[in-house]
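Enquirer: Listed below are the residues making up each chain.
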Amino acid sequence: MAAFSPPAPSYQLLAAIVDSSDDAIVSKDLNGIVTSWNPAAERIFGYSAQEALGQSILMLIPEDRQEEEPKILDRIRRGERIDHFETVRRKKDGQLIHVSVTISPIRDDCGNIIGASKIARDISLQLKLLHQLRGSEERFRKTLSSIGDAVIATDRHGKITFMNAVAESLTGWTESAAKGRALPAVFKIVHEFTRNPVEDPVAQVLRRKEVVGLANHTLLIARDGTERPIDDSAAPIAETNEEIAGVVLVFRDVTERRAAEIVTQRLAAIVHSSEDAIISKDLNSIITNWNEGAHRIFGYTSEEMIGKSILTLIPPNLHDEETQIISRLKRGERIEHFETIRRAKDGRLLEISLSISPIRNEEGVVIGASKIARDITERKQTERQLTLAKAELQTYAEQLEKKVKERTVVLQQTVAELEAFSYTLTHDLRAPVRAIQSFLQILLEDHGSELKDNALVLVNKVIGSTQRMDRMILDLLTFTRLSHEAMPLEAIEVENIIRDIIHYRPEFQPPNAKIDFVLPLCRVMGNEAAFKQCLTNLLDNAVKFVRAGEIPQIKIYSRSIGSTVLICIEDNGIGISSGDQAQLFRMFSRLHGNQYPGNGIGLALVRKAVERMGGSVGVESEAGKGSRFRLQLSKAL
Amino acid sequence: MTQKNHCILLAEDDENDVIFLKRAFVKAEVNDALHLAPDGQIAIDYLSGAGQFADRNTFPFPSLLLLDLKMPRKSGMDVLRWIRAQPTCQILPVIVFSSSVAPQEVSAAYEAGANAFVTKPAGIPERTELVRLIKGFWLTFTQLPYPAPMRAT
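For the record, the sequence lines run as chains R and X.
The numbering used here applies: residue 1 is where the first sequence begins, and numbers increase by one.
The numbering used here applies: residue 1 is where the second sequence begins, and numbers increase by one.
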């Protein structure tokens with residue numbers, strides 16, 4: 001063990017300092033054996049100088065830190081000094097204490113390191129205070145971070161020291177980026193309308209040393225250019241000695257509130273300008289709001305009505321209504337389109353449609369009602385007039401229908417009478433015509449030889465005329481019979497009927513005419529007599545209307561179209577100009593003079609017969625190019 | 001063929017038809033007596049021998065009746081029904097003459113007891129031909145019933 005070097009001349013003084021030091025001052029040799037131990041060491045570690053001297057310093061080191069010592073001794077041997085090394089040591093009573101140790105090598109006169117001096121300070125209390133401080137700071141930070149408002153703190157020079165998350169999101173700056181910057185660099189604010197910069201609130205606080213609020217309509221421009229209306233206040237952070245340590249700025253995004261304000265303003269404008277009366281009242285039926293529409297409809301101004309009972313508007317016999325309305329409102333019910341009567345200021349009774357909704361306070365308790373009243377006096381009047389008009393119309397319609405029925409019966413009787421009349425007429429007309437013919441025949445037979453040639457010509461002309469007349473009467477008779485006689489329908493063999501017609505009429509046979517038909521001819525539903533009449537008339541026309549000297553050539557064919565059959569009769573005749581086709585099927589319609597004699601009944605008869613059989617007749621033709629007549633009838637199954 | 005002497009009653013209101021038929025009888029050389037009843041009631045009176053027809057020598061009971069359907073007072077159908085209801089003349093042969101060919105009229109006439117239904121021919125030659133046929137069939141080959149016993153007067 002190396003001898004302790006003799007003290008310097010100031011030894012007495014140094015020894016006194018060591019003895020009186022609050023810090024433990026201990027020396028040890030390079031083997032860690034304690035060589036000196038002052039009173040403070042005794043106080044801090046609990047060991048007396050007698051107990052500690054000659055003992056290893058390891059007695060002070062807790063088991064889990066025993067490796068510290070060789071490292072310290074290594075560094076001391078290398079001549080290093082260890083400053084303010086904070087560690088844990090064990091007192092004699094086993095209690096662990098936090099210490100701050102400064103260790104310096106001790107050299108002999110030759111400069112050789114022979115040991116180490118240790119100055120240890122008990123920092124347990126200090127640490128405890130520090131922890132406490134840190135804890136409260138953390139809590140403070142956490143509090144500022146978690147509040148809904150944005151918070152920015154600055155130091156006394158207006159440089160940012162803290163920003164919470166809300167402040168970060170509103171400014172677009174992160175705390176780390178903003179820290180140390182002057183507030184105006186991060187917190188850019190302008191007036192919403194003038195867009196002039198607004199004075200830095202922190203600067204104001206630092207100057208005025210008091211809390212300042214922000215003017216209305218302040219816009220915060222974030223780092224990315226986003227603008228938000230904000231509301232803020234800045235307050236000084238005072239230290240104990242009344243000096244300002246910094247400023248805390250609290251602000252919030254009022255975009256939503258501003259939007260809500262705008263909505264509220266708009267709603268107010270709507271209410272004001274509404275055509276309907278919009279009124280609010282409390283649960284005692286006292287009017288609390290009265291818009292312009294209410295003024296217009298009821299005649300009272302809002303000054304007259306606010307504070308008055310709604311009963312002012314309700315006719316006395318309807319006062320019960322209000323009681324019922326209030327009790328329904330209290331149950332939270334809404335009343336929609338309730339039609340009732342109210343009285344205007346001038347005493348007029350108005351028909352109105354009411355919609356009433358409960359108004360609730362923030363707790364959801366019904367505290368009153370809003371009423372929307374629409375004047376429906378005119379509408380109701382119109383409705384009543386409409387109802388009356390409808391009833392009147394209904395009556396007229398019924399009367400009309402009755403009249404139509406009556407007239408229809410009369411008309412049907414008239415038609416039946418007319419049919420019977422025309423039948424009888426045509427029938428009875430035949431007898432005298434035939435008598436005339438017969439008398440003329442007798443005249444010729446009995447007295448023909450006595451007549452001069454001129455007279456004979458005249459008699460023959462009379463005979464010809466009566467024959468035409470008889471023919472016409474016969475056709476008319478057929479027509480009237482086709483019109484009113486029952487016409488039972490049955491399946492008809494078209495081919496047989498055509499053959500039959502041709503068989504009995506030499507004018508339809510060669511060499512007078514050439515009639516071809518394309519087989520098979522479809523069977524149709526019809527009345528045999530009527531169908532025969534139709535075809536006979538059509539063939540009559542086909543052979544009649546040909547150019548002089550030409551032999552009629554006729555082609556008959558059929559085509560099936562859905563549930564119907566088309567029977568076509570094509571001829572090589574003189575044709576019919578398109579202008580004449582429309583009147584072709586009309587009664588007594590004749591297109592030609594004496595060159596082609598006729599009475600204009602034939603095709604009218606065809607149309608009547610086809611229509612009675614539920615079909616239709618048509619023609620396609622061109623002057624000079626022949627005609628094609630089409631009969632369309634139901635197909636026979 | 002011997003011409004028997006029959007009495008034929010013609011019930012017809014149309015003077016023209018009477019003229020034409022009489023002429024046809026002449027042309028067809030019918031020699032039998034032709035008596036005329038110008039309406040249905042007169043036909044009934046003649047058959048019953050009533051009033052001016054009581055004298056059967058002047059107005060003998062006919063062997064054949066040519067009956068027009070359309071007549072004033074009593075129609076041909078009325079006369080026909082009356083005839084078939086009378087024991088004295090229910091077997092009298094009746095040829096109905098009509099200008100109609102309506103099937104229901106034809107049926108009705110036969111149902112009422114007509115022996116033939118003839119449509120009045122239109123022309124003079126046809127009438128003569130018809131009368132010739134009537135003469136040949138009804139007045140020559142047909143065995144007509146003997147006139148019923150005359151009513152005692």
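Hints listed in this document are in silico derivations from the structure and should not be mistaken for laboratory results.
All residues carry an ideal CB built from backbone N, CA and C; glycine is no exception.
Be aware that a few hints might be false.
As the list claims (entries may be wrong) - For lysine-lysine, the following DSS-like pairs were computed, each having C-alpha atoms within a straight-line distance of at most 30 Å: (1) X:K70 - R:K452; (2) R:K635 - R:K555; (3) R:K452 - X:K27; (4) R:K461 - X:K27; (5) R:K532 - X:K22; (6) R:K461 - X:K74; (7) R:K625 - R:K544; (8) X:K70 - X:K27; (9) R:K209 - R:K179; (10) R:K514 - R:K532; (11) R:K461 - X:K120; (12) R:K142 - R:K92.
Said to hold, decoys possible - Ranges between beta-carbon positions, derived for each pair: (13) X:V118 - R:G549: 53 to 59 Å; (14) X:P103 - R:D540: 24 to 30 Å; (15) R:V409 - X:F141: 21 to 27 Å; (16) R:V409 - X:P103: 44 to 50 Å; (17) R:A491 - X:P103: 48 to 54 Å; (18) X:A54 - R:T408: 53 to 59 Å.
As the list claims (entries may be wrong) - Over the 10 Å line for every Cβ pair with chain R, so calculated as not near, a few chain X residues: (19) R23; (20) L34; (21) I91; (22) S99; (23) S100; (24) A122.
Enquirer: Take the hints in turn and mark each one as holding or not.
Expert: Evaluated hints:
1. X:K70 - R:K452: Distance ~39 Å between K70 (chain X) and K452 (chain R) Cα, so the pair is violated.
2. R:K635 - R:K555: holds (21 Å)
3. R:K452 - X:K27: holds (25 Å)
4. R:K461 - X:K27: This hinted pair holds, its Cα atoms lying about 26 Å apart.
5. R:K532 - X:K22: Since the Cα atoms of K532 (chain R) and K22 (chain X) sit roughly 37 Å apart, the hinted pair is violated (cutoff 30 Å).
6. R:K461 - X:K74: violated (39 Å)
7. R:K625 - R:K544: holds (15 Å)
8. X:K70 - X:K27: The hint holds at about 25 Å.
9. R:K209 - R:K179: holds (23 Å)
10. R:K514 - R:K532: holds (19 Å)
11. R:K461 - X:K120: holds (25 Å)
12. R:K142 - R:K92: violated (41 Å)
13. X:V118 - R:G549: 53 to 59 Å: Distance hint for V118 (chain X), G549 (chain R) is violated at roughly 44 Å.
14. X:P103 - R:D540: 24 to 30 Å: With Cβ atoms ~25 Å apart, the hint holds.
15. R:V409 - X:F141: 21 to 27 Å: This hint is violated: roughly 57 Å between Cβ atoms.
16. R:V409 - X:P103: 44 to 50 Å: violated (30 Å)
17. R:A491 - X:P103: 48 to 54 Å: With Cβ atoms ~21 Å apart, the hint is violated.
18. X:A54 - R:T408: 53 to 59 Å: holds (57 Å)
19. R23: violated (7 Å)
20. L34: holds (18 Å)
21. I91: holds (32 Å)
22. S99: At about 7 Å from chain R, S99 (chain X) fails to clear the 10 Å cut-off, so the statement is violated.
23. S100: violated (8 Å)
24. A122: The claim is violated: A122 (chain X) sits with its nearest Cβ about 5 Å from chain R, within 10 Å.
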